[in-house]
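Engineer: Chains as they are written, first to last, in my numbering: chain A, 1 to 280; chain B, 1 to 280.
If chains are identical, the list can't say which one is meant, so a pair holds when it fits in one copy or spans any two.
In silico SDA-like pairs for lysine to any residue, Cα to Cα no more than 20 Å straight-line:
1. K145 x P43
2. K145 x L51
3. K145 x G99
4. K145 x E54
5. K145 x R98
6. K145 x D197
7. K145 x R249
8. K145 x G207
9. K145 x C53
10. K145 x Q47
11. K145 x R97
12. K145 x Q57
13. K145 x Y63
14. K145 x R50
15. K145 x T31
No lab work stands behind these hints: they were computed from the structure.
Protein chains: 2
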Amino acid sequence: MSAATLIDGRPGDQVSVAERALQYGDGLFETISCVDGAPRWLPRHLQRLRLGCERLQLPFTDYEVLAQEITALAGAGSAAPARCVVKVIVSRGAALRRGYGPTGAERPTRIVSRHEWPAGDPTAPLHVSLSSVRLGTNPLLAGLKHLNRLEQVLAQLARPPGIDEVLMLSSRGEIIGGSMSNVFLADQTGLFTPRLDACGVAGVMRGLVLQASRARRPVAPLRFGAVRVRRVMPSELPGVREAFVTNVRWGIRSIGSLDGRALASDDYAQQLRRQMDAAQ
Amino acid sequence: MSAATLIDGRPGDQVSVAERALQYGDGLFETISCVDGAPRWLPRHLQRLRLGCERLQLPFTDYEVLAQEITALAGAGSAAPARCVVKVIVSRGAALRRGYGPTGAERPTRIVSRHEWPAGDPTAPLHVSLSSVRLGTNPLLAGLKHLNRLEQVLAQLARPPGIDEVLMLSSRGEIIGGSMSNVFLADQTGLFTPRLDACGVAGVMRGLVLQASRARRPVAPLRFGAVRVRRVMPSELPGVREAFVTNVRWGIRSIGSLDGRALASDDYAQQLRRQMDAAQ
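Bound conformation, chain A alone (with noise of 0.2 Å):
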């Protein structure tokens, strides 16, 4: 599956059975854009790692290691390709006893591995549906980008043939985002985005767009305010003209029909590219 993996800083593919990521998925991951062997956002990776675990209680304390393994694996080899994925798993250790409650003496484990980037047209817009499977509402966990990911495995082994990706929606009816993406969308009043505050993740490029669209010099001037950051209904879908999706190797990712419906607007979507472009 992988490439190169390093395992607290030492080469190599196993991890112990009472590894609590294992056992509770009791830990956080990211995963990291490279391009031309260096990382990209990395700061804002860390950020949300550090977020999730302070949220978790998770004692994990050595960033500037972390930094370093990502950046040396975004960079190996001397036949580095152009594009890599490099994903963090951080498990908060290995149990010192069985049960949910840690010690508080764990020793967190950092899991660092180079994987290729995916094949396909960066640039098709995508499929996008709705899907059946819901995410269970919790504000303790919500943003986070956290090791408990059934919810999505099932939204993926749901997702019918010919759909790229689907949206899902809260146990409350919200829509909350992809799959594995995070969703904009824009109707009439303009582009606006779900809260996060219950359930789903925040992601890395979901904050760039939310941050450019909030730019009060941008390189390329805003035909529009910000993104308004609100609940959003599935009844909404058909008033919606435009709209895309956001993750870290996507970037920003038009939605070519959504729920069977032909979106043929792509103007924010360009617009936000040519801004963040820019902005490098």
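Please build the complex by placing chain B on the supplied structure of chain A, with the hints as guidance.
Structural biologist: Just chain B now, with coordinates in the frame of chain A:
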């Protein structure tokens, strides 16, 4: 942490970092009580595991060899103690690609480990309080003993000193059960236990208690009707006269204090214990 572990039948204590149980919590587990070298209620554990595999579309089929491994570990060693715990994890297997969606060709991994029986007085009534950590709801996962357990980890982290177990509410505000147990409550109308159709784990001991209460020809005559399985709200707690929690390690364990209020009655628990002992 464990005295002995079998991974796909071979002694070992390491698994691949590609295991989907580690990457996404994509798997199930069972915790089996073993007495005098033999696992108790093994068919029920395997039945719940089978249900979980079906619901998660996890193509595990090696139930017979798994049963043999559990039995072997339960009785392993000439100096095997009278009681031990055998834990089973079934992971969907090592990922064949990155991403939430399995290919369908993964080979499930089984991890069977023997653990010491926890110390402590097994009959002392427990001090129980309500947790501030709630359970997200998802009917697709409700009842299963799956590996996405961060909510239980957070509940244990927030467990106050002197409290043995915490009762968790769903995000809808209903009482679901303990962080590592099911709960039964009695008021003037009789004995009842929460429905688990939205979240929670349907414990093996809970199933045994429900079966005992429904027995048409009980070994010892029951003075009460079948336990009612229904929605339970925290507002009902002041009317509760007796309460107990169940899991295969605790059996039927009385609650001595519930959210600071002493509960003196032990009638239902004693009668159920007698009946279940006599039925064996």
